[in-house]
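Peer 1: Spelled out, the chains give:
Protein chains: 2
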Amino acid sequence: MTVAKKIFQLLPHENVIYFGDTGRYPYGPRSRQVVRRFSFQNVNFLLSHRVKFIVVACNTASAFALEQLNKRYDIPIVGVIEPGAMAAVKATRNGKIGVIGTVGTIESEAYQKAIHGKAPELEVYSVSCPLFVSLAEEGYINRKATYLVASEYLDSLIKKRVDTLILGCTHYPLLKRVISKIMGKKVKLIDSAEQTAKEVQHLLKMEGLLKGSGKKSFRKFYVSDAPDRFVEVGERFLKDKIEEVKRIDIEKY
Amino acid sequence: MTVAKKIFQLLPHENVIYFGDTGRYPYGPRSRQVVRRFSFQNVNFLLSHRVKFIVVACNTASAFALEQLNKRYDIPIVGVIEPGAMAAVKATRNGKIGVIGTVGTIESEAYQKAIHGKAPELEVYSVSCPLFVSLAEEGYINRKATYLVASEYLDSLIKKRVDTLILGCTHYPLLKRVISKIMGKKVKLIDSAEQTAKEVQHLLKMEGLLKGSGKKSFRKFYVSDAPDRFVEVGERFLKDKIEEVKRIDIEKY
Numbered sequence: 001m002t003v004a005k006k007i008f009q010l011l012p013h014e015n016v017i018y019f020g021d022t023g024r025y026p027y028g029p030r031s032r033q034v035v036r037r038f039s040f041q042n043v044n045f046l047l048s049h050r051v052k053f054i055v056v057a058c059n060t061a062s063a064f065a066l067e068q069l070n071k072r073y074d075i076p077i078v079g080v081i082e083p084g085a086m087a088a089v090k091a092t093r094n095g096k097i098g099v100i101g102t103v104g105t106i107e108s109e110a111y112q113k114a115i116h117g118k119a120p121e122l123e124v125y126s127v128s129c130p131l132f133v134s135l136a137e138e139g140y141i142n143r144k145a146t147y148l149v150a151s152e153y154l155d156s157l158i159k160k161r162v163d164t165l166i167l168g169c170t171h172y173p174l175l176k177r178v179i180s181k182i183m184g185k186k187v188k189l190i191d192s193a194e195q196t197a198k199e200v201q202h203l204l205k206m207e208g209l210l211k212g213s214g215k216k217s218f219r220k221f222y223v224s225d226a227p228d229r230f231v232e233v234g235e236r237f238l239k240d241k242i243e244e245v246k247r248i249d250i251e252k253y
Numbered sequence: 001m002t003v004a005k006k007i008f009q010l011l012p013h014e015n016v017i018y019f020g021d022t023g024r025y026p027y028g029p030r031s032r033q034v035v036r037r038f039s040f041q042n043v044n045f046l047l048s049h050r051v052k053f054i055v056v057a058c059n060t061a062s063a064f065a066l067e068q069l070n071k072r073y074d075i076p077i078v079g080v081i082e083p084g085a086m087a088a089v090k091a092t093r094n095g096k097i098g099v100i101g102t103v104g105t106i107e108s109e110a111y112q113k114a115i116h117g118k119a120p121e122l123e124v125y126s127v128s129c130p131l132f133v134s135l136a137e138e139g140y141i142n143r144k145a146t147y148l149v150a151s152e153y154l155d156s157l158i159k160k161r162v163d164t165l166i167l168g169c170t171h172y173p174l175l176k177r178v179i180s181k182i183m184g185k186k187v188k189l190i191d192s193a194e195q196t197a198k199e200v201q202h203l204l205k206m207e208g209l210l211k212g213s214g215k216k217s218f219r220k221f222y223v224s225d226a227p228d229r230f231v232e233v234g235e236r237f238l239k240d241k242i243e244e245v246k247r248i249d250i251e252k253y
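If you read the protein sequences in the order shown, they are chains G and X. Taken in order, the first sequence gives residues 1 to 253; the numbers are from my numbering. Taken in order, the second sequence gives residues 1 to 253; the numbers are from my numbering.
I should point out that these hints are in silico values taken from the structure, not numbers from a laboratory. In this text, a Cβ means the ideal position worked out from N, Cα and C, and glycines have one as well. Each hint can be trusted.
FRET-style restraints, in silico, Cβ to Cβ:
#1 X:Ile75 - G:Lys215: 56 to 64 angstroms
#2 G:Glu243 - X:Val51: 42 to 50 angstroms
#3 X:Lys215 - G:Lys160: 52 to 60 angstroms
#4 X:Val51 - G:Ile158: 47 to 55 angstroms
#5 G:Glu152 - X:Lys220: 36 to 44 angstroms
#6 X:Val51 - G:Gly208: 54 to 62 angstroms
#7 G:Arg229 - X:Val51: 30 to 38 angstroms
Start from the sequences, fold in the hints, and give me the full structure.
Peer 2: Okay, here's the thing in structure tokens:
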């Protein structure tokens, strides 16, 4: 949803089909095989709506499945890791980049590989923060408990004196304030949601796929569990109405 | 696993087929429909092993699916709610019982109904504690952050002066120490895992299904995601080897 929000802001004329796998989230603690199988089903569902472009708006799915998705399908599919890694490489001054993410994303070393593919001399330090997703989901945004948990997670990155920190999970921008307070103002936080939206805009332009502003655009939301809670949380977060939302059976795809 | 551990202790001669839905957990935040569909698949899988008796060792699944499971299948299927409710009714002195559980369990009011079915005069107060599952899973057992989160969750129950508190989620026994510290020593904590194991023993006896101690017994573990992390966490928790564990595709059942 953090990625979708940025895309809606940057590309208001595009028609968007959103799928949220609310019946099987979170992906963070799951294995490579399971995340891949889920990701294939998700893409199959989106293709059934004849989309022109797909964003895998989840770091764990990007880390574990993006390469396989791009091998199997012809349509352009982008993830959230490459844009965040690019932005971090540009942002760092002292050559030390921190990465935080789910257990899956960190174990995959996807950010490390992406950063070293561009700048092998940079130092990359990473830490998984498994409690952040639940804390963000439960609205523990600016709370003492979150502060305590975050201080422990981030301690080793402070000691390594990273000057740039990638928020390598689409939930983490919700905890930006706490993370920034702990890391200090001088550390640049890279929000992969923001970077990904810019990348989507760039690629749509490059491939001549941008939609004109003439026709009215639509947004359709699909989820794999009951829509109620999704609508409640989603509207509060988007600060906008979620009009059209349906539950689908993702295991059929 | 907290339920399985108690069953292994109390019924060491029984053969046990354990299924952990590690590819789709946690059930706590999911809707009634999804939890029911998952539960039917889980029972179908266990039946494919020709078990004689099934324990739904999850409060959310018991709350949302037990009745439907018992309607559809002939084999005895028990949940964790009835045994916990019974024990609380027996334990309370001042007639005020607290219940903590996942969002699903609390919204279902399953404990309230079970308690009032036996003793309509008792007062039941319940609170959902959605962060407890992640905290327990991540080993935040005796930590300051957990203490802060728990203090907030339990505050209203302390004010209501409950003298008995049902730990209405199979993860919560892991946080017993923190919960007890906050509630005070005089509040009796009801561990539904323990109560359920006793109930299983009782019912097996009643139905003449108890296995003799003659033949060697086995334990087989199945999970819906990669077994590694399950084995690691499971062995630490059971303080015993998990020899035979296989990944299955639960969506086929």
